[in-house]
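Numbering (the working numbering) for the sequence shown: 36 to 159.
Each statement offered as a hint is correct.
The calculated lysine-lysine pairs, modelled on DSSO-like cross-linking and capped at a C-alpha distance of 30 Å, are:
1) Lys151 x Lys39
2) Lys39 x Lys108
3) Lys108 x Lys52
4) Lys151 x Lys108
5) Lys39 x Lys52
6) Lys151 x Lys52
DEER-style ranges, computed between Cβ atoms:
7) Ala137 x Val64: 18 to 26 Å
8) Thr59 x Asp127: 17 to 25 Å
9) Arg130 x Glu56: 15 to 23 Å
Calculated from the structure, these hints are not laboratory results.
Positions of the beta carbon are idealized from the N, C-alpha and C atoms, including for glycine.
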Amino acid sequence: MAVKVSITPNADHLLVKVAGEVRTVEDVVSYTTVFRPEAVRLGLRRVLLDYVDARFSLDYYDLREVAEIGVRKDFPQLGLRIAVVCRTEDLDRHRLFETIAANRSIVYRVFTAPDKALAWLLAS
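With the hints as extra help, turn the sequences into a complete structure.
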């Protein structure tokens with residue numbers, strides 16, 4: 036199943052819903068290269084990334100590559116704040132990426148509860 040993405044602008048954040056199986060670095064790049072410029076165009080620095088309908092199967096080395104691409108695409112310099120909602124089954128993998136991203140100054144936080152993710156995203 037291919038990755039499907041929908042992007043919905045809100046007054047204070049961009050909602051990005053991902054569905055399908057995220058298996059490759061290219062899968063991630065395909066939707067980050069869409070939502071990043073959209074957030075910039077709209078002047079939104081907060082992104083709620085919803086992976087509830089996605090299966091996430093990247094390994095450690097893929098996750099590192101995704102983070103390095105994020106650095107090259109200026110995610111840290113743009114000041115994007117990204118809250119992620121994921122399935123409980125994928126939590127460990129997303130937490131691993133949370134650490135990898137933090138080590139590269141990318142603000143990325145993982146939750147399994149949408150209300151907690153949104154509260155963190157909109158705080159401060």
